[in-house]
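4 protein chains.
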Amino acid sequence: MVNVGIIGLGYWGPNLLRNLYTNSRCGRIVMCDSDPARAERMRSRYPDLYCTPDCGEVFGDDGLDAVVVATGVSSHYPLARRALEAGKHVFVEKPFAASVVEAEELVELGRRLKLVTMVGHTFMFSPPVIKTKEIIDSGELGEIYFITASRVNLGLHQKDVSVIWDLAPHDFSMLFYWLGEEPSSVSAFGHAYVLEGIPDVAFINLAFPSGSTGNVQVAWLAPSKLRRTVIVGSSKMLVYDDTEPIEKVKIYDKGVEVIEPETFGEYQLTYRTGDILSPKLSTDEPLAAEMEEFLASIEEGRKPRSSGEEGLSVVRALEMAERSLRNTTF
Amino acid sequence: MVNVGIIGLGYWGPNLLRNLYTNSRCGRIVMCDSDPARAERMRSRYPDLYCTPDCGEVFGDDGLDAVVVATGVSSHYPLARRALEAGKHVFVEKPFAASVVEAEELVELGRRLKLVTMVGHTFMFSPPVIKTKEIIDSGELGEIYFITASRVNLGLHQKDVSVIWDLAPHDFSMLFYWLGEEPSSVSAFGHAYVLEGIPDVAFINLAFPSGSTGNVQVAWLAPSKLRRTVIVGSSKMLVYDDTEPIEKVKIYDKGVEVIEPETFGEYQLTYRTGDILSPKLSTDEPLAAEMEEFLASIEEGRKPRSSGEEGLSVVRALEMAERSLRNTTF
Amino acid sequence: MVNVGIIGLGYWGPNLLRNLYTNSRCGRIVMCDSDPARAERMRSRYPDLYCTPDCGEVFGDDGLDAVVVATGVSSHYPLARRALEAGKHVFVEKPFAASVVEAEELVELGRRLKLVTMVGHTFMFSPPVIKTKEIIDSGELGEIYFITASRVNLGLHQKDVSVIWDLAPHDFSMLFYWLGEEPSSVSAFGHAYVLEGIPDVAFINLAFPSGSTGNVQVAWLAPSKLRRTVIVGSSKMLVYDDTEPIEKVKIYDKGVEVIEPETFGEYQLTYRTGDILSPKLSTDEPLAAEMEEFLASIEEGRKPRSSGEEGLSVVRALEMAERSLRNTTF
Amino acid sequence: MVNVGIIGLGYWGPNLLRNLYTNSRCGRIVMCDSDPARAERMRSRYPDLYCTPDCGEVFGDDGLDAVVVATGVSSHYPLARRALEAGKHVFVEKPFAASVVEAEELVELGRRLKLVTMVGHTFMFSPPVIKTKEIIDSGELGEIYFITASRVNLGLHQKDVSVIWDLAPHDFSMLFYWLGEEPSSVSAFGHAYVLEGIPDVAFINLAFPSGSTGNVQVAWLAPSKLRRTVIVGSSKMLVYDDTEPIEKVKIYDKGVEVIEPETFGEYQLTYRTGDILSPKLSTDEPLAAEMEEFLASIEEGRKPRSSGEEGLSVVRALEMAERSLRNTTF
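Protein chains in written order, with the working numbering: chain Z, 5 to 334; chain X, 5 to 334; chain V, 5 to 334; chain A, 5 to 334.
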């Protein structure tokens, strides 16, 4: 059993809490938020759990084995560092930290103290993403040529970070997980339409050591979500559309050679060359799997999926993209 | 009535020919191809039309008012130039020419000789593209923030030009038509996976004087076509998916503010904020409309839609993209 | 505040309980289930609620104003009757009762004792169904010609009742709600494929006094859900597909006259005649709205949507369909 | 080489003619239509073909081996009979004849005179229908439990026959072809909304000797086409949606047992239990394949797919459905 302190009960923290609460590996839970309203809401939902406004109490509680940090990105580093220095395993929401320097220090600290560091890249625990990883690793797609990802979101969620820091962590964590590598170069192009100085649209190019390339589109401004990832390999293509209810993942087989169509109508009507398979996906809850992985990696003394190293890779790519964006945006 | 010579009876020429043949503005037609097999095939299909292997015969035929050039891109410039110099209006397949220098010279020549120059950007005559233009011009979408376009094609069609010269003319012509401007800067990133030196994947960024940005993905390597264009404006979003049979164009209205979802499930399920409208499209044949526009612009002595100027804009952007691609591709 | 006893904590009861628990109109809740395992599960989820294995305790508790019955259909009548006779408002899961005689008696009893009777036809509280009702009532579809409904479900859920009693209550309650009438005649045709004597597929025809007709397909045997309702009116058509994530409801406008297509290809490609609109739907939770309606109708002393009368109409149609099925099934 | 006379150059005839004209098995063609405008149109399209207004000339032409009848249903029988009596093989558009008596006589006549009789059930030559037949025959779906078919068409096409005679031939021919049997009982229910006495909506139940059941919905009144066929077998389900551009046929695998969902949300989100496969379809033109089959069966002296027998089965079912409809329609 792992005893856990959770800091930050705002938007995402309660979701993590709910999944810790029902996980049988989880023992005692201490909740922490300096905002009285949030604390009160959670106290009434979990009357059996203790809640403190002071995170120092969490770090000083010798009975706690681990800390979950679900606050804003700027406090990830100081809180995670204090947790590690207090000898506690740490789970930090994505993005891992506000800079590569911070993220590197946390990884290094965890490694030195032999403590688990894990980052909340939830999509790495989502059934379509896991299935896609299995398919890629099986070699079914062949050599991976390129991956494109669209993440066009509703409304405007952030006022202090660019759309890259807000949305690209999702796609970066998926791409790096699938390819098993981080990019050798990242460049970005975008624009700030609504708030000056806060880019709300960005197109990001990635080159990977293996030769694969990527193009990630992130934007906030749409009235309807678009979330489509296309992976083109030398043998097959895989499309993962997270807005599809029934067929989130489709694998397109290559068929025989295409014959040149003779009319514009035929040209328009020749859509594909082989079978299309949509594999059955598990219905596991990603957040439950994520919390399970955190607790299991502590109990088993092993590195978790979505470890601090993966979190660092994502932060490194975010920093490269952001720097490029600042240079090329007009 | 316009008398027309058509040069090039390979892949696309017969489609143009068929639409000329049934157009009531079209008078006498002379066919021309140096390949005996192609010539023979068209002769048997149109026993009433004269066919010559020698294009000089077309240029020298004083009864012909116009010439349609449907050959490979490398011969566009010399053939179109001879046609114009022979005093004939000219229609050239896309892309207009193999370089900006060539395209500029053709436009200049047409202007000086008061002859129509037109380029076969067929999508500019396709009902969903025209409807999208109307919607943008009506102001319904508001200020256009950004446009993304995916054109992922089956198989490998070309051995001598990059995927940019093969596929981007379609998207460039649509984007410039919709926005009514050509880009101030174009950059591209891509890779050659199958044939060394022939990029088969490219991601192209475009910045327009008005402030709009664009991201165009073109690739050859897929087992199924993807053709989706997303236009995000300050008021509404439009999605044009050419592989959709019934709802090719959809307009997404902006609704009220989004409330932050409280669970991962809710987060996943909140897809959109307003109504979605899919307007009825005309069922006109794009190629018929294109040939009609060519013949009508000659008879009415006016500039056609998709004129030489538009063709030049596309070639200019292709050249910028190709140059950028050569610099950044690894 | 309404104090509520809830009997039956099996499959559906806990969902109702959860929504009662968080409804501010709901006061004290008493839980009841004779199965110790179920009782224990709910006790640990709601440690503050009292749970009894004896439903007599619920009926005898003078502090309780209302009873929710979420047991199997065979016990609906005896439990609801005892609740009413004990002076308590009653909410009964669908179908209301096992026969018309039973349902009539419950309606009559509620009317005489001036107590609310309500039936859990949840779809009548689901946003797409409510939006469809609004659209029909607005006259936008014109005169309603016919409605078809497909409800093809996974696996085999029931061993004691036919697919009609299991699935048709959903569609019947929607159709009668939309049309504001119950059918004058109902006939059914079906077959028992898996368990002898338990029909698992049925096709039901309905004729309504207004002249509208209906065709409802219900089946258990499919590996994927199908749920599509088509409403064809004299002016427009509405399609409601509950498996669609983003566009559950679509309204198809009638356009101009169709021109006879000239080729088989054209024939296949002419899909529609007018605009298609998918209205934005509320994201309200149907079960929360249902429990709110039950409690509000008690507090406001009024008839609820989905009252005993509606429940009776559904049971009447079920009985007619079942009788017809028994006669025609081979 | 087969020499063919074609009678009827109205709506469908020109499509057959075009495919005869390009078929290498087809020799001389004689066209026939008593309407001068139609005759003139075809004469100008095929200046090399002879056209007569007098069908007697076709029957009396000893050089003709076969006759294609593409007129209205009421003249199918007299024309086909004269053709057979003149010793010519005959292809008749669907439905084969206006009554079972007529159809039986034609089949009998063809059999006695050893002449091919074939009926234009074009869908039996369409790639998705053929692929479905292959899948059923392979046993992949298991025992076929039931088939539902929706054919909701635009506008109002006919003024003299009910929607059953107009649309049901398509679905009947497909169902009987797939199952390899004709129904033992057929009943129908419907209504005439627009023109009194001409039913424009009908729901048809079919029972087959093997135990399979069917439900066919046909209607004219919709602003958008719906064409979906669902085949549920003991092992898998197949959905064939003819309005889908890319995935017309999908096979749904059965997976493991479904776990009862615990919340309404989960209930809504559990869509399917196994993989979904959409097989690649051929892009053959159905009408070309149909004409090829007619000519080949003549040359090879064998029974064609979609022979007179199949046409008779369809007419028999149409007559049963129509009779039932007249009895039950209100």
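Any given hint might turn out to be false.
Pairs count within a copy or across copies, as identical chains cannot be separated in the list.
Cut-off 20 Å, straight-line C-alpha distance, at most; resulting in silico cross-link-like pairs (SDA-like, lysine to any residue) [claimed, not checked]:
#1 137 x 323
#2 229 x 239
#3 254 x 32
#4 229 x 300
#5 284 x 157
#6 229 x 246
#7 137 x 32
#8 254 x 47
Since the hints were made in silico from the structure, they are not lab data.
Verification of the supplied hints:
Proximity of residue 137 to residue 323 under the C-alpha cut-off of 20 Å is found in neither arrangement, the shortest distances being 25 Å within a copy and 38 Å between copies. Only between protomers do residue 229 and residue 239 lie at most 20 Å apart by alpha-carbon distance; the minimum there is 15 Å, versus 30 Å within a single protomer. Taking identical chains as interchangeable, the C-alpha atoms of residue 254 and residue 32 are never at most 20 Å apart, the minima being 42 Å within one chain and 49 Å between chains. When the C-alpha separation of residue 229 and residue 300 is checked against a cutoff of 20 Å, the pair qualifies neither within a copy, at 34 Å, nor between copies, at 36 Å.
When the C-alpha separation of residue 284 and residue 157 is checked against a cutoff of 20 Å, the pair qualifies only between copies, where the shortest distance is 17 Å, while the shortest distance within a copy is 26 Å. In this homomeric assembly, residue 229 and residue 246 come within 20 Å of each other (Cα to Cα) both inside a single copy, at 9 Å, and across copies, at 19 Å. For the homomeric pair residue 137 and residue 32, neither the shortest alpha-carbon distance inside one copy (34 Å) nor that between copies (50 Å) is at most 20 Å. With identical chains, the CA atoms of residue 254 and residue 47 are never at most 20 Å apart, being 43 Å at best within one copy and 43 Å at best between copies.
When the structure is compared with the earlier hints, violations turn up for hints 1, 3, 4, 7, 8 and for no others.
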